[in-house]
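Asker: Protein chains in written order, with this note's numbering: chain Z, 169 to 536; chain Y, 15 to 318; chain B, 1379 to 1678.
Rather than coming from a laboratory, the hints here were simulated on the basis of the structure.
Idealized CB from N, CA, C, for every residue including glycine.
It is possible that some hints are incorrect.
[Claimed, not checked] Going by beta-carbon spacing under 8 Å, a handful of chain B positions derived as facing chain Z:
#1 1401
#2 1461
#3 1472
[Stated by the list, open to error] Label pairs and their calculated CB-CB ranges:
#4 Y:300 <-> B:1408: 33 to 39 Å
#5 B:1511 <-> Z:285: 45 to 51 Å
#6 Z:285 <-> Y:300: 50 to 56 Å
#7 Z:372 <-> Y:309: 41 to 47 Å
#8 B:1424 <-> Z:190: 33 to 39 Å
#9 Z:180 <-> Y:307: 42 to 48 Å
#10 Y:174 <-> B:1450: 26 to 32 Å
#11 Z:372 <-> Y:204: 46 to 52 Å
#12 B:1424 <-> Y:45: 55 to 61 Å
#13 Z:263 <-> Y:295: 45 to 51 Å
[To be verified] Here are the simulated lysine-lysine pairs, DSS-like style, with alpha carbons at most 25 Å apart:
#14 B:1592 <-> B:1665
#15 Z:279 <-> B:1405
#16 B:1399 <-> Z:229
#17 Z:281 <-> B:1666
#18 Y:145 <-> B:1448
#19 Y:25 <-> B:1402
#20 Y:25 <-> B:1585
#21 Z:229 <-> Z:170
#22 Z:279 <-> B:1505
#23 B:1402 <-> B:1448
#24 B:1448 <-> Z:281
#25 Y:25 <-> B:1448
#26 Z:281 <-> Z:396
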Amino acid sequence: MKVVLQNLTKNFPGRGKKNAGEVTAVSGLTFEIPDGELVGLLGPSGCGKSTALNLISGLLKPTAGRIFFGEDDITDLPPENRGVGLVFQNYALYPHLTVQQNILFPLQNLKGKDRLSKAVMLSKANEAARLVQIDELMDRKPGELSGGQQQRVAIARALVKMPGVLLLDEPLSNLDARLRLQTREEIRRIQRETGITTVFVTHDQEEAMSISDRIVVMKEGVVQQIGKPQAVYDDPANLFVARFLGTPPINVFAGQCRGGRLYLGEDVVLGVSGIADQEVYVGVRPEGFVLCETGCLSCEFGSVEVMGRDISVVSRHGASLNPTIRSIISAENRVDAKDGTVRFSLKPQKVFLFRKETEERLYGEITE
Amino acid sequence: MKKRWRDSGLKGWLYLLPAILFLGVFMVYPLIDVFVYSFEEGYNSASQTHFGIGAYNYAYVLHDPYFLQAVRNTFLLVIVTVPLSTVIALLISVGLNAIRPLRNLFQTVYFLPYVTNTLAVGLVFMILFKKTAYSDGLINLLLAWFGGHSVDFIDGPYWAKMFVLCLYTIWVVMPFKILILTSALASVNPQLYQAARVDGTPAFRIFMRITLPMISPMIFYLVITGFIGAFKAYSDVVALFGTDLNAAEMNTIVGYVYDMLYGDSGGYPSYASAAAILLFAIVLTITCINLLVSNRNRNHLQGR
Amino acid sequence: MSGGRNYSNMNSGRDYIRIEKAAKARKTTANAVTYFLLAVWAVIVLFPFYWMLLTSVKSYSAYNAESIPKFFTLSPTLQNYADAFTAVPLGRYLLNTTIFTVVTTALMLAVITLAAFAFARLDFRGKNVLFVLFLSLMMIPSELVIITNFVTITNLEMRNTFPGLILPSVTSVFYIYLLKENFEQIPDSLYYAAKVDGTSDLKYLFKVMIPISKPTLITITILKVIECWNSYVWPRLITDDENYYLVSNGIQEIRENGFGRENIPAMMAAVVVISVPLIVLFLIFRKKVMAGVSRGGTKG
């Protein structure tokens, strides 16, 4: 099922006397999720991503804007009539019911002509349980399960009624690091197998990038950029997006475009064309640095961190906005810091320029 | 690891001395003593002597028509008020939980009976229900409006007196139950309700399958404390019917104990002790039965 | 489980409007019914209070002339309040109750604070056994021990004295337990830091533990004050001299003998006077009282 959000806005009434005005959680949200895709809603906490999810589920009503499932405008429809499956951050399993009863719960709500026989319900529940691989745990109570198992039960409960749209709210944040890796692949597999259009909210960019068909980056209730993960990473629309995606994060410098050249402090690093002379922010991805005796960027050497396949060179530069510059280079390189400096040349496709006032991306051609 | 400081061994006992002293004199010693009293036959409170050991006191109490009357009254009161007050409190709490505006105001009002003097408000109930030479009283006026006959609820027939007693008891115990149930309801994870809503669960089913099981421990707690409290009813009865409860046929077990101890028919601590121990035995038995039943119910509710 | 398109609630646009309207109507009705029922109970709770206030300002003759009770009065009078204080020693009852309440509560706070401190903070032989013994005392109903206490106090010739009234209720195992739990939440490191600085145990108790546990102590104080103000059974057993009556016994006395049986307006004035202090206290400390009661108080 295709999901379309049109100009969606949600204001909350202010609390207390101090901020009596309204608080805008989501503003002018507009995007389309094609049928069968997995979309990651990504942003720092408080950016409105969970509000957006609750608008789709119907637990919240938008202040303005419309929501469509397929061709149907479902904006005013209460959640129970939307046919969505919802998985909560802390799973919200019914603690007094067994796994099986939890999964059966949504099916038992069906009334009238939709009513299912006991046998059908059981077989559907078993099917859902098999899909998330918890069919051995059917008689346990949620309290007797590990976090990862509870997560699977929650997903099975959301899937059992075959929702048109599956919504996941920070589904992995309560799991430990190893389990998180495993479960996100699991979610990807389940989504592929069922083909259910899925929206999943997270603040972890790595998580979103690794399993989403498409990511929506949000900040303060406003969409910053939408696209395939690699495309957004390779072509960020503004400084916020550039900074939010990637580990280690992008290195940002204060720079200048002058006479077709890009300056970082006094160092001329690259050539530019198609951009007027001005002060700019320069973002350089960690993998955009090349260790080079004759490199144009001269930095004060800090330390080398060994990461196995790669090494990370930590250094400092006067024009850098971050306290240190982190570059990632292949471990085959040897770092020898003569008189405490290292020199880098930069890969043009890993360098992005942003207008200083608006932090919007400046598009032009960057050359060596 | 707590470190042992020099001489704190003795010090601990020193800090506890007042508590141990008071508890010893006014709880532990009386506890032993009450059993002793209850088996001393023919105790004379003036000379503080007795002439035998045995179960006569129990036999006397169990054959005393006033005691049997008191037991009957107490059981009736318990059986009527405990379930009724719990169900009404549950309804009110669910209602309170469902609203936002005025909720604090309602909660405050509902709690008022808790902080009022049982004797004082009992007097108000009495004049509301009482029939005097001048006036039939407010309640009888209301009854008349609805075409009923006037009844003296305070000095009249047994059922009418029992009715007022039950009503007043419910009025008095309600604040505690509402308070406990509202906070129990509020502590249910709201996401459980959201999950159920998204799945299209009807309100009644949410209540039966999620709300009730989630707050069932608190309901059972209220039932048990309610039983214990109602078995010990006394001052609200005095408030409505005065101190001569035997004459009013409205005595309770606790009232019987006090009457035996003191007052017009008093001076028999042995009989009082025997009656008190019988009460304790009844309460203990009922509590145990309650615990057994509630355990089975809880397992049933939780689908075991 | 394939496809994910089996969308059972697929409806046309017009159905949506109908569903939404029905949902809204249901909600409005449910809301109205809820408010109505809540209001009914509020009236049941408040009516006795209203009636006692109303009756207390009706004049004696007007009240007795009403064979059909009136729901309001046009000529309120304060005469009944004057009668309540002059015809019976209501002031004396109030004073007695205040003395009883203040002294009992203060003594109890001292006793339970020391005991809770010992259990929570000090180490000594037999502590755990003693604590279990204390806890088991919580199950003993006061009705069981009151008989011997009555005899004890009578033998000590302390009937109709304040010590006789007060002493049996200056300890509470439950409050010791509550306070001990609270004390134990204060981190050990604070105690050791104070020890290193040479602070004595008693000073630590007063300078650190009591201030930190103030909310709990206030809760306990309020609950104890309510209990003292309303206590009836023990005072009734132990006093037969009007000079030592507390308000509850006073009310009972007024009911049986005071004013003559028929002066109900004066009786109601006395009831108002007796009820007001606790209601005021409750309205001031509303949150604390309710939190305290839900943490562990049944009436009586």
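Asker: Checking each numbered hint in turn, tell me which of them this model violates, lowest number first.
Answerer: Violated: hints 2, 3, 5, 6, 11, 12, 13, 17, 19, 22, 23, 24, 25 and 26.
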